[in-house]
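Take each chain as given, in its own frame, and dock them per the hints.
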Amino acid sequence: MYDLIIIGAGPAGITAAVYAARKKINTLVITKDIGGQAAWSGDIENYTGYQFITGPDLAAKFEEHLKQYGLELKESQEVTRVFKEDALIQVEVKSGRFTAKAVIVASGKFSRKLGVPGENEFKNRGLTYCATCDGPLFAGKDVAVIGGGNSALDAALSLERICHHVYIVNNTEELGGDLIMRQKVLAGTSITIFNKARVLEILPSLTCKDKSDPRCKMLGGIKISLGSEEKIIDLSGVFVEIGLTPNADLVPEVKKNKRGEIIINNYNETSIEGIFAAGDVTDVPEKQIVIAAGEGAKAALSVFKYLMRKN
Amino acid sequence: MSKSVLIYSTPSCPFCVRVKQFLKENNIPFTDYDVGSNEDKADEMIKKSGQMGVPVIDIEGEIIVGFDKEQIKKSLGI
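Chains as they are written, first to last, in the working numbering: chain R, 1 to 311; chain V, 1001 to 1078.
Chain V extracted, bound-state conformation (with noise of 0.2 Å):
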């Protein structure tokens, strides 16, 4: 059973790009909300972390700021 993983984005960002390039290559399945257009999502994504900066990624709970490859990596155990 994978993990849930949840990417909260912007369609600008060059990093929120990579992190999805990057969970697709590895066949990691996840849910992208844009914050730049969903409000709701983007207080969530603040409440989350306690920032702004995108990308955050919401992995069963932990959370990661950034596109930290290789603690995305431990996370989700590949």
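Extracted from the complex, chain R is given alone in its bound form (with noise of 0.2 Å):
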């Protein structure tokens, strides 16, 4: 049994853990990846400290950093159930379970999914939720950005770069996002814009004859509604950015505001004693590299006065 276990790895799990580690508490930490959504971001202008660093090199600084304490760490392993049970803290993996004191729930937040028939099918086959990542495999062909904030403006951008036609499929009146952003997809001129539309569906290839070929399996269009009307496009990528949702399904009993996000107080508890959380995937007000981290410290300072408590 562990003092506590702490879910993620993100600048919350790691601020976490390195506390933790200072102050001597029996940690188990269990992850997923190391870094979180830091490691996927570009650059990074304002983390304390480095006037410029790439989201990858700020990972590896986190995982440096972590691994000096020698704290035990579990990678690659997703958490599917946290509960109490007789006073302790359950934490579930696919290949079993670990009890613990006391838990910090720190596993962030992850692109929203379209929930349309064709999107698990076509993930990683034409379907992608990283834009900067999967972006250049689609030069001069014809892509559709799901969307219309900052996230989906950026991504049609750059992909209208190298891309033959790029079309932004947006269910609001019209495109959100910052006004400069806005004007430079206005004037794109290989980008159309469908306002009030819904993806319906992911089609596969129709023109594809050889099935061995590989290229078969991957998409080849998307059906949308636009008003009363449906229309098919054909296209080779789908680039979905319609934003993040918290990865909080883990912690069922906990109480979440309407967005899915698990409910803190300053001590960073959540309604069940014993369990806590920290960073994105909690209520607190802004999703900041350097906020999620202060929220890992604070946290972890928590437990620590909670063990102290209960010992």
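I should point out that these hints are in silico values taken from the structure, not numbers from a laboratory. Each hint can be trusted.
Straight-line Cα separation of at most 20 Å, EDC-like style, residue types lysine to aspartate or glutamate; simulated pairs:
#: 1; chain 1: V; residue 1: K1020; chain 2: V; residue 2: E1062
#: 2; chain 1: R; residue 1: K74; chain 2: V; residue 2: D1068
#: 3; chain 1: R; residue 1: K101; chain 2: R; residue 2: E253
#: 4; chain 1: V; residue 1: K1020; chain 2: R; residue 2: E64
#: 5; chain 1: V; residue 1: K1069; chain 2: R; residue 2: D33
#: 6; chain 1: R; residue 1: K84; chain 2: R; residue 2: D3
#: 7; chain 1: R; residue 1: K61; chain 2: V; residue 2: E1025
One-sided and incomplete, this derived list gives chain V residues near chain R with beta-carbon spacing under 8 Å:
#: 8; residue: P1014
#: 9; residue: R1018
#: 10; residue: M1052
#: 11; residue: G1053
#: 12; residue: D1068
#: 13; residue: E1070
C-beta atoms are modelled at their ideal positions from N, C-alpha and C, and glycine is treated no differently.
Shown next, in the form of structure tokens:
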């Protein structure tokens, strides 16, 4: 049994781990990857101490800092459920279960899904949630960006430079995001915008004859609704940029707000005693690397005091 | 004799950078293909992995999609 299990190793989880290690709390860290969303960031210019650092470099720094303390770390592990049983907190992973006196949930956010037929089938087969990563593979092709906020506009602008044509499928009256980005998108000569439009389905490639060719398993288009009409667009790539959703389903019993974020108090306590939470998975007002890191520190110090009271 | 390691990546993808950092830290030599600019290699990657997400790592014919550190370690025996 552990005193503390930290779930996640983004800025919040890693900072919590560093603080826990320095307080000599018997700690286990369970995480899918290291760096969390920070590792996916391009250029970071607002993390104190670094005038400029890339996401991957900051994630490498985090990892180095974490490993210096020799904490027990389980990587590439997904936590399926966290719950309280007999005054202890149980943490289930696919292949077993761990027990601790306290848990910090720092599982962050992940890309929101469309929830339409074909989405899972064509994930990484033309459909992607990371325009920065996979964009270059669609050079010269027709693609669609789903969404109308800053991340969607950013994706559309970078894709416009390399793709043949970019369709934006936006479900509101008009594009959101910052004015300067909107103006650039509206000025784009190879961008078509569909407002008040919804994706209904991701479609297979119809022209592909040779079924043994792996390219035939890639998507071939999308079906969208435009008011009362339906429209099929032939294309090779779909970039889903409709925001983020908290990774909070693993703790079904704690109280959440209407956005699905875990509600915490000033001490990072949740509605269940012994379960703490920190960073982007919580209702903390701003989602920033430096804030997540600070929240992680706060959560670890609260756990330290909690364990002192319990022992 | 070290195993042959091929990386299919794009310049902009954060986990492509991380996987290459990881291999360098462990002194594992590798060949890196930019599938954004090299269409033949992009085709090869799709044929090998049946999908288009990067990075794809080919360790002597064993195909790993994404920066799956545990799988990479296992397959390299490190």
